[in-house]
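A.B. asks: Produce the complete structure using the sequences and hints provided.
Taken in order, these protein sequences are the chains called X and A.
Every letter in the first sequence is one number past the one before it in the working numbering, and letter 413, counting from 1, is 406.
Every letter in the second sequence is one number past the one before it in the working numbering, and letter 265, counting from 1, is 266.
Simulated from the structure, these hints should not be mistaken for lab results.
Heads up, a few of these hints could be off.
[Claimed, not checked] With beta-carbon atoms standing in for the labels, derived distance ranges:
(1) X:Glu391 <-> A:Thr423: 33 to 43 angstroms
(2) A:Gln391 <-> X:Pro300: 25 to 35 angstroms
(3) A:Gln391 <-> X:Pro124: 44 to 54 angstroms
(4) X:Ala37 <-> A:Glu419: 26 to 36 angstroms
Where a beta carbon is used, it is the ideal one built from N, C-alpha and C, also for glycine.
Next come the chains, spelled out residue by residue.
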Amino acid sequence: MNNEQQYIDIFEQHRELIEKPCATLLNEERRKAYSRFKEQGFPALNDEEYRHSDVSKQFAADYGMNLGRVENLTAPYESFTCDVPNLKAHQEFIINDSYLKGIDHKTALPQGVMVGSLNEIAKSNPQLIEPYYNSLAQDGDSIAQFNTTFVQDGIVIYVPKGVIVEDTIQFVTIQSTNIDIMSNRRILVILEERASLNMLVCDHTLSNHKTLSTQITEVFVGDGASMNLYDLEETSESNTRIAQLFVRQQGNSRFNHSNITLTNGFTYNRTQLSMQGEGAESDISGLVINDKHQHTDNRTLVEHKVPRCNSNELYKYILDEESVGVFAGKMLIQPDAQHTNSQQTNRNLCLTKCARMYAQPQLEIYADDVKCSHGSTVGQLDENALFYMQQRGIPIDEARHLLMFAFAGEVIDKIAIEGIRNRLHMLVEKRFRGELSRCNGCSLCHEREQKKTN
Amino acid sequence: MKKRNNNIFRKIADKAYEYGFVSNIKTDIIESGLNEDTIRLISQKKNEPEWLLEFRLQAYKYWLTQKMPQWAHLDIPPIDYQAISYYADPLKKNKKQSNEIDPELMKTFEKLGIPLEERLALSGTAVDAVMDSVSVKTTFKEELKEKGIIFCSMSEAIQEYPDLVRKYLGTVVNYRDNFFAALNSAVFSDGSFVYIPKGVRCPMELSTYFRINAANTGQFERTLIVADDNSYVSYLEGCTAPMRDENQLHAAIVEIIVCDNAEVKYSTVQNWYPGDSEGRGGVYNFVTKRGDCRGINSKLSWTQVETGSAITWKYPGCILRGDNSQGEFYSVALTNNYQQADTGTKMIHLGKNTRSTIISKGISAGKSQNSYRGLVRVSKNADNARNYSQCDSLLLGSKCGAHTFPYMDIHNDSAVIEHEATTSKISEDQLFYCNQRGIGTEEAIGLIVNGYAKEVLNKLPMEFAIEAQKLLSVSLEGSVG
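C.D. replies: Shown next, in the form of structure tokens:
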């Protein structure tokens, strides 16, 4: 089925409308991406990267697109409060696909740090954005081309040389509509030499309508720079999320990333990390908790291009009911990348007979003096451990929760920021107890905080 | 030390492929090219029944609709299927005279270490010798017959046991399975047929030796092994080919059927001509091997030592259909110079309480690329399935590649699946330790590699284990540069 045709038609018909509000830079890349998308179409199921995720089908529905940039009237604080307790955060919002202006920030960012709308910074400061925008995603697959074709706005974070941003930048995306809608977002993060940044991306939906989002994140970590990027998805069952993260790491840089999927519908996350400077280190991890008919596909590609880099990868899945989990991780060690140290671990828990797990941990190695390993397991909770706890008077359900919580804990403990870590521990625990089939906008955290203060 | 290593490496690289000679045997080769007439001609030459010709033609029609698969981590130059001759018969000359075999043929197999006279043969091993498209001789046939075991060439089986062949042929590997399976089903020539009746434990090792001799031909053999209830057989397979500058195609199918409580051990030492040190020539080995553990408590064990072939594309698999059935896969794949290998296994768990073990050891040297690709699938009803996979890669030299592509598709919550892979090189420490104790570098590498591959080599029957060990050391000595 040609699901791409309707989008080709939309683009052809509304080209002017799409391009009009956007910066020249975005439109230049858009034209190139459009011709690539037109040529490739959506990935089919016989595409190795999409074997278990029928992405094309997700695009078949008739979604609305806010091409005319209609102002969104949602006031984020009224419907949504996403302060993480104990976290000093600088918040930014994207409602559907528009950057929300005029947020009253409680704290000021260090001098020189720039955070704002992609479209506006591309207009006012094109020389800053140009070397970076779409430079990694242009070689991406047809979904990346689709995003570049339709994207109109997003967010840019720029941290100059040597600047350390103490506050976490929290970037909240909310899909809030009364129609079926598609949002195409873009995040661009540029860290110059020795800069440092913590970033939390929260993906939410506040709508029971069908929603689809494509999100391309491009991250450039300069020499000696350091970044923690945490991505938390708490959307709804009617949401489709297709997110691609491209990272370029320079020498001696550090990049930590955790991708947590708590509630969702259909999710396809791709992480592509390229280590281009000696001494770079990366740690990427993921936690997926799925039930009902949820579908989560995480794909990673860690490319070691130069010698003496370390990478570590840990992905864990807990699959309940009829959910589907897919993990495909590849480590690609290029011929020059001697003395690479690269580890990949994938652990999966299947809790019911109908849950399905597809795992593909892959190694592609062209250098001989390397230490690379991967391990993958699929199994159940340890009967002996359950029995041990029952013997000591812990009811079976409680014992299960404890074990599952410990299983998930390994990923959560990788998060370096205490506030986020604690909140995740709480969310995961609630998720297991079934109290939280969907995160209600962190108001729970607020209530708890308020109770404490009262 | 580096320089010395390089010298040793060169010495080994220059070492000629031992089995690369050509025998001067008059061979009846049909014209190259592939069309329906070719298939009819092959079928006619082999005096086949109508149903088999139909089977071939069906497969051929399907093959025409298929494209060469591109997914493997291999760089396969385009193959001109019309330039290959699909049937070569070295026996032709003698057929009119008697049953005697051309002395040149006998000599060839003797040179390969496979004496066809029973008094000279290794006791305890029956051999089916296949050259090009025809089975030359099968030894110990009579002795085996006494026990009710059928061990003969496929052509003979088609003539003498057509019902058995018809019942099982193509039931494990359908002609629609893949591109090369379709090609083989259309043009297959000879191979071995084994039937072990109920309750019989085969008293000797059965083995087939495949030899490509004629130029511009491909070998498309087909082997069918049926182990009826409560039976046991150990089957060995060896292969070599002459050194030629052009590439030769070998596309075989092996089907194994294992019934209740039966056990089959299938061992391969694959030593097709790998091409020279510049990557010229060599055999393209595109093989489909699969066993169907139909019965309860059935067991199938694949052991393979892959040292030859320019390109290997091979995934011996087990369909674990019967409850409590077991599948095993032990593999050592060695690539040197410009060789490429994409090999592994498929374990399809369908029955309850099924178990599978995968041990794969890859060794890459020179400029070769060596990939493990494996699938473990646990279906919805396969309760309590258990799998353990271990894939280790050893890299000798900085220009080669070692890759691992495992797939795990799990549809059942009671499955326990483990996969582990590591990649490393022979450490300087290990070499230094050996050197210190007066063991030369060359010998030390041999020791370390043999130790590394031991887990798999131990699974081979005695005679094969010795040959495999020899092969490994020949191909590897001094490869650390």
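A.B. asks: Each hint: holds or not?
C.D. replies: These are the hints, each one checked on the structure:
A C-beta distance of roughly 38 angstroms is found between X:Glu391 and A:Thr423, which places it inside the suggested range of 33 to 43 angstroms. Take A:Gln391 and X:Pro300: their Cβ atoms lie about 28 angstroms apart, and the range 25 to 35 angstroms holds. A beta carbon spacing of about 45 angstroms between A:Gln391 and X:Pro124 agrees with the range 44 to 54 angstroms that was offered as a hint. At roughly 32 angstroms, the beta carbons of X:Ala37 and A:Glu419 sit within the given window of 26 to 36 angstroms.
Violation of the numbered hints given earlier is absent; every hint is satisfied by the structure.
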